[in-house]
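Residue numbers (our numbering), protein chains in the order written: chain A, 2 to 307; chain B, 2 to 307.
The hints are simulated quantities; they were obtained by calculation from the structure and are not laboratory data.
Errors might be hidden in some of the hints.
[As the list claims (entries may be wrong)] Distance windows between CB atoms, simulated:
| id | chain 1 | residue 1 | chain 2 | residue 2 | range |
| --- | --- | --- | --- | --- | --- |
| 1 | A | Asp39 | B | Asp39 | 49 to 59 Å |
| 2 | B | Gly283 | A | His31 | 56 to 66 Å |
| 3 | A | Ser124 | B | Asn307 | 46 to 56 Å |
| 4 | A | Met205 | B | Asn307 | 27 to 37 Å |
| 5 | A | Asp60 | B | Asp229 | 54 to 64 Å |
Note that CB positions come from ideal geometry on N, CA and C, so glycine has one too.
2 protein chains.
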Amino acid sequence: MINKLIEGIKKTEAPIVVGLDPTLNLIPDHLTRKAVADMGESLEAVGEAIWQYNKGLVDAIYDLIPAVKPQIAMYEQFGIPGMIAYDKTVKYCKEKGLVVIGDIKRGDIGSTSTAYAIGHLGSVRVGNTVLKGFDEDFATVNPYLGSDGVKPFIDVCKEENKGIFVLVKTSNPSSGEFQDRNVDGRPLYEIVGEKVAEWAELHMGEEYSYVGAVVGATYPEMGRILRDIMPKSYILVPGYGAQGGKGKDLVHFFNKDGLGAIVNSSRGIIGAYKQEKYSSFGEEGYALAARRAVLDMKEDIASALN
Amino acid sequence: MINKLIEGIKKTEAPIVVGLDPTLNLIPDHLTRKAVADMGESLEAVGEAIWQYNKGLVDAIYDLIPAVKPQIAMYEQFGIPGMIAYDKTVKYCKEKGLVVIGDIKRGDIGSTSTAYAIGHLGSVRVGNTVLKGFDEDFATVNPYLGSDGVKPFIDVCKEENKGIFVLVKTSNPSSGEFQDRNVDGRPLYEIVGEKVAEWAELHMGEEYSYVGAVVGATYPEMGRILRDIMPKSYILVPGYGAQGGKGKDLVHFFNKDGLGAIVNSSRGIIGAYKQEKYSSFGEEGYALAARRAVLDMKEDIASALN
Numbered sequence: 002m003i004n005k006l007i008e009g010i011k012k013t014e015a016p017i018v019v020g021l022d023p024t025l026n027l028i029p030d031h032l033t034r035k036a037v038a039d040m041g042e043s044l045e046a047v048g049e050a051i052w053q054y055n056k057g058l059v060d061a062i063y064d065l066i067p068a069v070k071p072q073i074a075m076y077e078q079f080g081i082p083g084m085i086a087y088d089k090t091v092k093y094c095k096e097k098g099l100v101v102i103g104d105i106k107r108g109d110i111g112s113t114s115t116a117y118a119i120g121h122l123g124s125v126r127v128g129n130t131v132l133k134g135f136d137e138d139f140a141t142v143n144p145y146l147g148s149d150g151v152k153p154f155i156d157v158c159k160e161e162n163k164g165i166f167v168l169v170k171t172s173n174p175s176s177g178e179f180q181d182r183n184v185d186g187r188p189l190y191e192i193v194g195e196k197v198a199e200w201a202e203l204h205m206g207e208e209y210s211y212v213g214a215v216v217g218a219t220y221p222e223m224g225r226i227l228r229d230i231m232p233k234s235y236i237l238v239p240g241y242g243a244q245g246g247k248g249k250d251l252v253h254f255f256n257k258d259g260l261g262a263i264v265n266s267s268r269g270i271i272g273a274y275k276q277e278k279y280s281s282f283g284e285e286g287y288a289l290a291a292r293r294a295v296l297d298m299k300e301d302i303a304s305a306l307n
Numbered sequence: 002m003i004n005k006l007i008e009g010i011k012k013t014e015a016p017i018v019v020g021l022d023p024t025l026n027l028i029p030d031h032l033t034r035k036a037v038a039d040m041g042e043s044l045e046a047v048g049e050a051i052w053q054y055n056k057g058l059v060d061a062i063y064d065l066i067p068a069v070k071p072q073i074a075m076y077e078q079f080g081i082p083g084m085i086a087y088d089k090t091v092k093y094c095k096e097k098g099l100v101v102i103g104d105i106k107r108g109d110i111g112s113t114s115t116a117y118a119i120g121h122l123g124s125v126r127v128g129n130t131v132l133k134g135f136d137e138d139f140a141t142v143n144p145y146l147g148s149d150g151v152k153p154f155i156d157v158c159k160e161e162n163k164g165i166f167v168l169v170k171t172s173n174p175s176s177g178e179f180q181d182r183n184v185d186g187r188p189l190y191e192i193v194g195e196k197v198a199e200w201a202e203l204h205m206g207e208e209y210s211y212v213g214a215v216v217g218a219t220y221p222e223m224g225r226i227l228r229d230i231m232p233k234s235y236i237l238v239p240g241y242g243a244q245g246g247k248g249k250d251l252v253h254f255f256n257k258d259g260l261g262a263i264v265n266s267s268r269g270i271i272g273a274y275k276q277e278k279y280s281s282f283g284e285e286g287y288a289l290a291a292r293r294a295v296l297d298m299k300e301d302i303a304s305a306l307n
């Protein structure tokens with residue numbers, strides 16, 4: 002799957018993943034109104050509005066980008082109807098040829114991590130039938146519980162030809178509270194990065210490993226160090242745009258081959274129509290505004306990398 | 002909600018939470034066979050078998066214990082039908098008067114943690130209607146992303162009168178890989194424990210805080226230290242039974258008032274019928290075997306504490 006992702010990045014010339022992170026205040030009113038008119042003030046209506054919103058976005062941008070990253074929390078928030086919208090979104094994006102990175106940040110102990118890995122990346126056998134749960138292509142994984150929380154994901158990836166991104170240094174302001182703590186003279190995120198590098202070397206696609214890492218755009222200097230520590234890992238870079246990361250901050254996350262990183266933007270794209278800059282599209286034009294924002298992001302990153 | 006939990010512990014004289022962690026190999030054959038006969042070899046059939054299994058267990062033990070802890074991974078594994086079984090289980094347990102601890106180990110950055118917190122402990126407003134997603138009473142939370150990943154959960158708990166257990170030292174063999182790393186002369190889990198203690202003091206129920214901690218029964222010495230560091234936090238103790246923790250290991254997790262800890266057992270209870278000791282109950286008697294195992298666990302813990 003990492004090979005497919007890299008192929009998509011080369012083909013679209015866009016090391017970009019769009020975060021499909023719907024919130025009630027991002028969904029255009031006309032979609033919410035219609036869903037509520039049809040289904041009442043219910044979670045089912047919210048699920049339907051999310052699905053229509055996502056479908057509009059995906060139809061408008063799928064030819065420009067290699068991948069999407071739905072943040073499962075934004076769906077889980079609405080209970081079962083939200084999860085159904087997540088499931089439909091994943092399936093639809095895959096139909097459109099997009100690589101789907103499930104931003105699930107799961108991580109637990111042995112058999113429980115196996116269950117998460119199976120649910121999101123693997124399959125179960127019931128009698129003679131092989132069935133799949135959510136079936137994303139990649140998942141993000143939390144390493145706090147150690148190797149035996151991460152390895153079950155790697156095992157499933159190996160079997161199913163999928164991949165993971167392990168949280169190393171997250172983009173949020175307080176990520177340093179534990180991740181930056183000094184461990185034997187070095188910050189914890191470096192120790193986690195070394196572990197990722199070990200796993201990565203043992204689990205290679207063609208040029209890169211299917212064990213990648215998450216490192217926030219908001220910490221470019223740490224990105225540079227982690228880039229060197231994990232040469233074979235793709236880095237998923239959140240924090241661009243709405244969280245404050247700029248094109249020029251991204252240079253350090255890439256390798257000399259121009260590969261090695263994929264930059265996420267969520268609100269900056271899916272809520273573009275709310276920005277002054279794209280306001281001429283109007284609410285009904287939210288999907289075209291998103292398309293314009295993807296093109297602008299592509300240019301911003303390309304000019305920073307040149 | 003922490004007050005309700007403590008009240009339940011006192012009333013049942015059982016500082017015990019039963020982990021409802023169904024796996025295909027724990028569900029008795031007759032339940033799976035019936036579900037497959039009705040619904041084919043499908044995830045829906047698995048969801049139905051899980052639900053019937055859980056219902057049988059809960060009916061047999063709800064009067065003996067204060068709380069249950071469904072591990073969401075075991076449900077998520079089966080996609081949407083699994084999540085529906087989770088949802089039904091949570092609702093049913095609450096109807097039976099049990100406190101429900103959702104073992105979800107979520108944790109993300111700011112607004113995303115808020116979404117998880119809302120989905121599991123809070124509510125959303127759609128128009129004039131207030132709706133709830135999964136609506137557990139407590140949730141487990143992963144602290145790797147720092148305070149701004151945990152605080153949104155605390156905020157929702159405060160509003161909704163609910164609680165959390167923050168992962169401090171997990172029960173698995175490789176938990177030490179990052180959690181035990183030496184930070185400025187002390188292990189990381191102590192630093193996290195101190196953070197939990199800070200949060201706990203600011204968010205009190207009556208005797209205890211609604212910000213608790215998870216510390217594995219498999220590390221009793223660390224349990225003793227963490228007990229002192231977090232005097233106002235309830236400790237949720239996994240790892241008893243199947244993972245190797247014994248009654249006598251548990252002493253350190255309790256305070257002098259006999260309170261302060263609640264011990265989880267999952268397979269040891271819900272799969273009791275598979276143990277030599279309870280084999281006379283047979284597969285059809287799985288729920289009665291579970292009842293017997295709860296009574297034995299209660300005795301084991303009581304005699305260790307005396």
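Satisfaction of the hinted span 46 to 56 Å by the C-beta atoms belonging to Ser124 of chain A and Asn307 of chain B
holds (49 Å)
Given the range 56 to 66 Å, decide if the beta-carbon distance of Gly283 of chain B to His31 of chain A lies inside it.
holds (59 Å)
Hint check for Asn307 of chain B and Met205 of chain A - Cβ pair distance inside 27 to 37 Å
violated (57 Å)
Evaluate the given range 49 to 59 Å for the C-beta pair formed by Asp39 of chain A and Asp39 of chain B.
Violated: the Cβ-Cβ distance is about 31 Å, outside 49 to 59 Å.
Using the beta carbons of Asp60 of chain A and Asp229 of chain B, state whether their distance is inside 54 to 64 Å or not.
holds (58 Å)
Violation of the numbered hints given earlier is confined to hints 1, 4; the remaining hints are satisfied by the structure.
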